[in-house]
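Asks: Each chain, written out:
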Amino acid sequence: MTSSISLQHNQTQPVLAMHQVSKLYGEGSGRVAALDEVSVAIPRGGFTAIMGPSGSGKSTFMNVAAGLDDATSGEVVLAGQPLSKLGDEGRTVLRREQVGFVFQAFNLVPTLSALENILLPFDLAGRKVTAEQRQWIDQLVHTLGLAERIDHRPSELSGGQQQRVAIARALASQPAIIFADEPTGNLDSRSSREVLTLLRTASREYGQTIAMVSHDPVAASYADRILVIADGRIVGDHGPLTPQQISDLLIGFEIGAPA
Amino acid sequence: MNARNLTLGSLRELGTVGLVAGLCGAYAATLIMAASMLGALDDGSGSGADAMLTVVASVFIGIALYVGTVVIINAVDTVISGRLRHIALLRLLGSSARSLRRSVMRSTVTVGAVGAAAGLLAGTALADVVRIVLVSRGTMPKGDYPLVSPQLAVAFVLIAASAMVAGWLGSRVVLGVSPATALAGTTAYRRAPLRKSVLRAVLAVLFLGGGFAVLGLGAMVGESSEMGFFIAFLGSVASATGLLIGARFVIPRVVSMFSRLLGGDPSSRIARRNAVLDPLRTTRSTMGLVIGVTLVTTFASGMRALSDSVSSWDLDPEQAAMARQVLSVASTVLICIIVISSIIAAVGFVSTMSLTVLQRHREIGLLRALGFTRSQVRTMITKESVALSASAVLFGIALGLVYGTLGAQSLVGVMTTGLVWGLPLPALIVIALAGLVLVLVSSRRPARRAVAVTPVEALRIEA
Ligand SMILES: Nc1ncnc2c1ncn2[C@@H]1O[C@H](COP(=O)(O)OP(=O)(O)OP(=O)(O)O)[C@@H](O)[C@H]1O
Ligand SMILES: [Mg+2]
Chain A
266 MTSSISLQHN QTQPVLAMHQ VSKLYGEGSG RVAALDEVSV AIPRGGFTAI MGPSGSGKST
326 FMNVAAGLDD ATSGEVVLAG QPLSKLGDEG RTVLRREQVG FVFQAFNLVP TLSALENILL
386 PFDLAGRKVT AEQRQWIDQL VHTLGLAERI DHRPSELSGG QQQRVAIARA LASQPAIIFA
446 DEPTGNLDSR SSREVLTLLR TASREYGQTI AMVSHDPVAA SYADRILVIA DGRIVGDHGP
506 LTPQQISDLL IGFEIGAPA
Chain S
36 MNARNLTLGS LRELGTVGLV AGLCGAYAAT LIMAASMLGA LDDGSGSGAD AMLTVVASVF
96 IGIALYVGTV VIINAVDTVI SGRLRHIALL RLLGSSARSL RRSVMRSTVT VGAVGAAAGL
156 LAGTALADVV RIVLVSRGTM PKGDYPLVSP QLAVAFVLIA ASAMVAGWLG SRVVLGVSPA
216 TALAGTTAYR RAPLRKSVLR AVLAVLFLGG GFAVLGLGAM VGESSEMGFF IAFLGSVASA
276 TGLLIGARFV IPRVVSMFSR LLGGDPSSRI ARRNAVLDPL RTTRSTMGLV IGVTLVTTFA
336 SGMRALSDSV SSWDLDPEQA AMARQVLSVA STVLICIIVI SSIIAAVGFV STMSLTVLQR
396 HREIGLLRAL GFTRSQVRTM ITKESVALSA SAVLFGIALG LVYGTLGAQS LVGVMTTGLV
456 WGLPLPALIV IALAGLVLVL VSSRRPARRA VAVTPVEALR IEA
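Quick note, the sequences are listed as chains A and S, same order.
Each residue of the first sequence is one higher than the one before, starting from 266 at the first, in the numbering used here.
Each residue of the second sequence is one higher than the one before, starting from 36 at the first, in the numbering used here.
One thing to keep in mind: the hints can contain errors.
Said to hold, decoys possible - Label-pair ranges, simulated between beta-carbon atoms:
#	chain 1	residue 1	chain 2	residue 2	range
1	A	416	S	480	29 to 37 Å
2	A	399	S	272	50 to 58 Å
3	S	410	A	508	43 to 51 Å
4	A	354	S	137	23 to 31 Å
The hints are simulated quantities; they were obtained by calculation from the structure and are not laboratory data.
The structure displayed is predicted, hence computed values, not measured ones.
Think of the CB as a built atom: it goes at the ideal place given N, C-alpha and C, for glycine as much as any other residue.
Please model the entire structure based on the sequences and the hints provided.
Replies: Below you can see the structure in the form of structure tokens.
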């Protein structure tokens, strides 16, 4: 398959590269720059937290980077493919093969069981699950405490369980990059810790690239890089920090940010 | 924003209710006026024929009303199911389920009454215009025809009442909404648990089994006696009643069985699951089609079997041609009268398909994000429509062939050796084509809507 060749070919290149990407909403005086000339690269294997005040452009960043939404200007290169050169179909296939998602609110296909949801990326790409992948999925299901619920429909799962199924789905197919919008938003602090540890392990031991939007300094402290967005611009790019350091960092921006 | 808007959305979403009530009204008016004109024609020759006509018209109107009610129940149910969170919010803020349902009922009565009035008016006007044209052309004798009929008022009340009942039954979903749903982060679909009706199951089995046994008996008796048709008629009525009572057990199984043929890829699998997600909705959205197709096929098949057996009789060519002509005119008229129920059912089916796509906005956005291409989304919607409508059409055809053939056998078995199968090929081809058109029409708009869904707007938190 061409995509896996290009994947190996670009082993040293960043998984995600954005060059002067802007995303504008509205017209005339009501115009909002949700992203304002953002340039950033996310290397393979990194666990990046994206933080910033509400309305600063984090979700927009994720949508544009993942090819869910068009940039107004600039270029996004995802898994070696410039998105502006791909049509809707090409981007859909790219997402299917290279991107894993955890959304904030609505994650699972209601008519599919938890396991079927986890296996959906394989089904869509027409890939067979190898014995090795099967083992990885079993391990994920176990670590995420989903073993007993695996045949249940989403409507029979709690919000936190649904979120964990989504996390298992994102990790299962070992995509080039996982985008997660507040993946611990619905979890109590203990399962939240377990999920974050799992994400960090996936990144450190299996080289899984992860970009995670979060408001929570504790969650962000699991990442090895912290990007801070304010008013559509990247205003901070830090290495790993403690929750306390992150809180201090954010307070500066919350005060500075327009209401 | 008042409670009704939050429960049902705009009145536009009740368009189906108005349309169906209108169709029922127009249909009822046409039949009533036709019956009253025919009654005026054979003035004086005794009121027996008059009463007979009224009974026949009432039966057909009754069938259309039944189908219309089922369609309206489904439309209301589908609209409300798509707004469970709004309803939960209302419940959280203190509305009782009862008062919500009552407001739904008021809306459907209002819309239903307006539709019925418009339809009755249109049907009456149409009948009057046709009559005036026919009389002026001399096709119909001059006479003292009534402009309107008092029975129209009865029809109006019945249609409005049906809309009311449908509003009440269709809003049953509200009962399953606990205020807590508003607080949960998910929009998971949960139906109020249906009372497990053992009584319903038992009655269905009794009527179905008994009815078909009596129908078979009638066909057998028909071989040697004139009594056969009467027995077969009783059997048909009983088994049809059993089917109506047990539809919610039978139809989802038929759909589920048939939809296995669609394939095993993700878009087929999701289409299949959605088609049978809610047995009651599956039943309601296909039942009207089953009824319509069954009736049409029954008449077509019965007439076919009759005309085939006429051919085997010892008649001189002139008589045989005459008999066949009478049969073909009779079957054409009957089928035209009965086809309206299928049309009402089809309208309901199209609107249900549209509404379910609206309701599944988020799910479709998610599928797009996860890698469903536009054409896969389109395929998914089309296959759901195929699963439902093809099952309904095939099931209806099968039933119709059985009823038509056995009915004809019971009627003329005495005069014909062996069983004459009524296989009305032209009619079956027309039905199959109509089914195909229905799939295309019912899936086009929803599919276009579904394809236009973008993941970003569908997955926004307050989508
Ligand atoms: N469809 C849209 N039309 C107009 N403006 C939009 C649209 N989507 C987002 N915006 C604006 O773009 C800016 C960035 O929005 P975005 O959703 O990316 O913020 P965010 O950082 O994810 O906020 P939060 O933390 O609250 O989720 C906001 O000012 C928002 O109002
Ligand atoms: Mg956001």
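Asks: State for each hint whether it applies.
Replies: Structure-based check of each hint:
1. Evaluation of the 29 to 37 Å hint for residue 416(A) and residue 480(S) yields a pass: the beta carbon distance comes to about 35 Å.
2. Checked against the hint of 50 to 58 Å, the pair residue 399(A) and residue 272(S) passes, with Cβ atoms roughly 57 Å apart.
3. Range check, residue 410(S) to residue 508(A): about 47 Å between beta-carbon atoms, so the 43 to 51 Å window is met.
4. The hint said 23 to 31 Å for the Cβ distance between residue 354(A) and residue 137(S), and at roughly 49 Å that hint is violated.
In the structure shown, a violation is registered for the earlier hint numbered 4 alone.
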